[in-house]
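Chains as they are written, first to last, in our numbering: chain A, 1 to 114; chain B, 1 to 113.
Check before you lean on any hint, since a few could be wrong.
Pulled from the structure, derived: some chain A residues nowhere near chain B, Cβ distances all over 10 angstroms [said to hold, decoys possible]: (1) Val4; (2) Leu7; (3) Asp8; (4) Glu15; (5) Arg22; (6) Asn24; (7) Ser28; (8) Leu56; (9) Asn61; (10) Glu64; (11) His75; (12) Pro79; (13) Ser84; (14) Thr106; (15) Ile112; (16) Ile113.
Residues from chain A that face chain B, not an exhaustive set, calculated with beta carbons under 10 angstroms [as the list claims (entries may be wrong)]: (17) Pro12; (18) Asn41; (19) Gly43; (20) Gln45; (21) Leu46; (22) Lys49; (23) Ser73; (24) Cys91; (25) Ser94; (26) Thr103.
Cβ pair distances, simulated, as ranges [as the list claims (entries may be wrong)]: (27) A:Thr106 to B:Thr5: 23 to 33 angstroms; (28) A:His82 to B:Thr20: 32 to 42 angstroms; (29) A:Thr106 to B:Arg15: 44 to 54 angstroms; (30) A:Leu7 to B:Leu39: 14 to 24 angstroms; (31) B:Ser65 to A:Arg77: 34 to 44 angstroms; (32) A:Ser52 to B:Asn71: 27 to 37 angstroms; (33) A:Pro12 to B:Arg63: 35 to 45 angstroms; (34) B:Gln18 to A:Ser28: 32 to 42 angstroms.
Bear in mind the hints are in silico, worked out from the structure with no lab data behind them.
Heads up, the beta-carbon is just placed ideally off N, CA and C, and yes, glycines get one too.
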Amino acid sequence: AQSVTQLDSQVPVFEEAPVELRCNYSSSVSVYLFWYVQYPNQGLQLLLKYLSGSTLVKGINGFEAEFNKSQTSFHLRKPSVHISDTAEYFCAVSAGFGNEKLTFGTGTRLTIIP
Amino acid sequence: ETGVTQSPTHLIKTRGQQVTLRCSSQSGHNTVSWYQQALGQGPQFIFQYYREEENGRGNFPPRFSGLQFPNYSSELNVNALELDDSALYLCASSLTGAGAEAFFGQGTRLTVV
């Protein structure tokens, strides 16, 4: 079984400042890692994913994440945030072997301060 | 190419009633998954269907059931509704295969009173 821990439930950041949203996972098998964003009253949109290869993954809207196997982490970063980045961010894992079930963390609410 | 659409967007039911939620998959996707997202929580996996067969189930009681149709659209049925069933229900479609991207609908907000 897999589990995901998002260490911060809320992160306030000033506009144009950098941000890091933390995610740690636990699994007995190799996993795939994802970050999703959820805007108010909407579904989830994929920001980026790590399947294999380079541990630094670039996604949409200027976000990137780094997979660290030894620390079982997949932290999300953006060098300069914008008001439009205000949303809920979810880290998720899925096991390989054709199982697409996603296990989500509890989410981090990112609030951008003008 | 159409995205994942869910209906209805909002629904209010009384405790003990039954409800059916619907999902149209993205064109070409043969796998659909349903998730329950309680307020302030991350989505929880309910079950997944692949080519009309259940292909994995989360920790939900049997009163949560589903169907997938030949056109890959899907239904989620919940019997004997309880207050704790109030949540956002998300449908996601994907192609099968490890690490395949799941595309989510906007969800159905179910309120049980």
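### Query
Against the structure shown, which of the earlier numbered hints fail to hold, in ascending order?
Violated: hints 1, 14, 17, 23 and 29.
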